[in-house]
Amino acid sequence: MSRLRSHHRNIAWLVAVLFWALAFSSGTGASGKSYSLEATPVAEGVWVVVGSTDNFSKANGGNILNTGFIETGEGVVVIDTGPSRRYGEEFRALIESHTSEPIVKVLITHHHPDHAFGSQAFEPNTLYMLDESASLLEQDGEAFSDNMYRMIGDWMRGTEVTVPMNRVQPGLLSLGNRQLRLIAMQGHTGADLVVLDETSGALFASDMVFFNRALTTPQTPGVALWRSEIRQLAQLPFSLVVPGHGPVIRDDRAFLQMIDYLTWLDDVLAGSAARGLSASEVIDTAIPERFSEVEGARYELVRTVSHLYADYEKRALNRH
Amino acid sequence: MRRYWLCAFTLFASASWADLPSDPLGSPLWAYNIERYLGQEVTVVVDERVGLSVPDFAEDSTQVPLAVNLREFPHKVNKVVTWVDMNPVPHLFTANSTDGQLKLVSLNFRVQQASSVRAAVLDEQGVWHIDSGYVDAAGGGCTAPREVLSNSDWESEFGTLKSGLFSDRGNTRIKASLLHPMDSGMVGNVPAFFVGDVEVRNESSDNLLLTMTLAESAAENPMFVFEFEGGIPHLSIHMKDNNGYQFEGAIGEASP
Ligand SMILES: [Zn+2]
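So the sequences go chain by chain: A and B.
In terms of our numbering, the first sequence has 293 at position 293, counting the first letter as 1, and numbering is strictly consecutive.
Adding 320 to a residue's 1-based position in the second sequence gives its number in our numbering.
These are calculated hints, taken from the structure and not from any lab test.
Any given hint might turn out to be false.
[Unchecked claim] Computed list of chain B residues with no C-beta within reach of chain A, every gap over 10 angstroms:
1) ALA512
2) GLY516
3) PRO553
4) GLN566
[What the hints assert, rightly or not] Heads up, simulated DSSO-like pairs for lysine-lysine below, C-alpha to C-alpha not over 27 angstroms straight-line:
5) A/LYS314 to B/LYS482
6) B/LYS482 to B/LYS560
7) A/LYS58 to A/LYS33
8) B/LYS560 to B/LYS399
9) B/LYS482 to B/LYS399
10) B/LYS396 to A/LYS314
Glycine included, each C-beta is placed from N, C-alpha and C at the ideal position.
Whenever a hint applies, use it, and build me the whole structure from the sequences.
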């Protein structure tokens with residue numbers, strides 16, 4: 001009896017707190033959230049919106065990636081739409097404040113939520129994706145969405161998984177005064193679009209390249225394949241590289257770091273499996289001093305061991 | 321209300337047991353699970369040399385790695401008990417080191433929500449040494465339905481046992497992976513179907529090195545690692561599930 005009464009008192013108190021919180025948030029809180037996006041010009045008619053290199057959090061709202069846009073003289077090409085509807089809306093407004101050309105093509109580089117979840121803010125008939133990426137987004141989108149609501153909370157308000165209605169084909173895309181080379185790769189998720197603006201030399205490598213930020217492996221078909229594709233990227237005639245995560249760079253250091261890091265990961269996983277180490281021991285592997293600039297290396301090693309080590313282990317064992 | 325209840329509960333549990341050291345992680349289930357898995361009025365010390373290792377967070381809550389690395393443990397190891405406090409059934413395994421030479425034991429587990437994890441080691445004087453870890457998790461690992469393979473692979477792969485023998489700094493290490501659903505009986509109408517017993521023998525002397533019982537927190541497709549002191553050229557592993565299936569393999573000559 002007394003337990004029940006105190007329960008009611010608790011609920012009344014909780015309701016009061018909720019009302020207070022709602023009243024507060026409608027004034028200055030949730031609806032006042034803003035990503036404060038800024039477009040950095042990196043070449044004539046080419047802008048990049050640089051995000052942080054942190055993990056998803058309620059503090060950054062998932063603004064942890066780089067997006068970009070290119071004026072062609074016959075409309076704007078956008079690369080990726082960001083982690084949420086809100087990001088997409090702010091990004092679109094930002095683009096429209098920098099150019100009077102209409103947005104004609106929005107290229108979603110891969111199906112990861114931080115790159116594909118701002119698409120609602122753009123006209124559906126402008127959205128493009130690789131065929132295989134669209135299948136992956138259909139398959140994984142809802143699970144990604146649940147996870148994003150958990151990680152960034154209210155920033156996700158109103159965000160729904162949007163699978164682009166158009167497909168993009170690898171090859172040359174001529175638009176106005178630009179020639180874009182669209183390249184389909186697999187290393188990061190199995191279907192990764194890379195965009196080289198041959199006119200300016202800006203290479204939008206998306207998550208095929210992380211720079212000074214540890215690469216992520218939940219969907220990689222394998223680090224050896226990824227590494228071989230980085231070698232192909234390094235051969236392209238680029239003048240600057242826009243990684244999916246990390247700072248824009250004007251030489252090949254991002255490629256060298258990727259090759260070094262992927263080689264190290266492969267060696268750690270294969271070497272540990274050959275010694276019979278348990279996954280718990282592998283996640284404690286010392287991270288070489290030369291990767292001290294690589295943000296989040298320990299955190300991502302724990303994840304990578306979870307994603308990939310079991311396969312290395314099985315190859316190192318004999319069947320009975 | 322809930323908080324008061326938990327406090328009262330903790331007070332009650334520790335009041336009945338004056339010598340129990342306080343939990344380094346402050347879990348309300350500390351005393352309760354120690355009593356449940358180690359017994360009443362046992363002697364317990366908090367001891368990092370037990371060498372429990374779990375990740376800070378579960379990337380996959382159905383497959384979380386755990387190791388108990390006893391290389392720095394200064395006593396003979398009689399028994400190792402592990403559990404995951406916040407799981408519906410916390411117990412993960414109990415391993416009996418029949419000759420006291422166990423140096424490492426590792427097994428993957430499921431986690432239902434963020435939880436403290438414990439490894440308790442019984443030494444030759446009857447003292448329990450406990451080390452703790454904490455795993456953050458989005459959760460659901462105990463009640464997530466198993467991903468059913470789309471083709472007939474599962475039937476042909478079921479029971480596949482792979483193993484390897486390794487030597488490390490003069491010790492002998494065996495790693496074994498078994499493809500088995502390890503259904504705990506806690507998901508919907510799926511009946512319990514899991515490996516309960518594991519044995520490791522020295523093939524040359526036929527001495528039993530280790531017996532192990534697994535419990536509900538064990539993950540699907542268990543991956544075992546055991547390390548024993550000294551060189552042992554031939555080992556065998558034997559497992560049995562609750563439906564009467566047996567899985568065994570002999571493993572020769574440790575690779576250098
Ligand atoms: Zn990605």
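Cross-check of the supplied hints:
1. ALA512: 24 angstroms, holds
2. GLY516: 20 angstroms, holds
3. PRO553: 15 angstroms, holds
4. GLN566: 12 angstroms, holds
5. A/LYS314 to B/LYS482: 7 angstroms, holds
6. B/LYS482 to B/LYS560: 15 angstroms, holds
7. A/LYS58 to A/LYS33: Holds. A/LYS58 to A/LYS33 sits at ~11 angstroms (cutoff 27 angstroms).
8. B/LYS560 to B/LYS399: Holds, at about 20 angstroms.
9. B/LYS482 to B/LYS399: Between B/LYS482 and B/LYS399 the Cα gap is close to 26 angstroms, so the pair holds against 27 angstroms.
10. B/LYS396 to A/LYS314: Not satisfied, since the Cα-Cα distance of roughly 32 angstroms exceeds 27 angstroms.
Hint compliance for this structure: hint 10 alone is broken.
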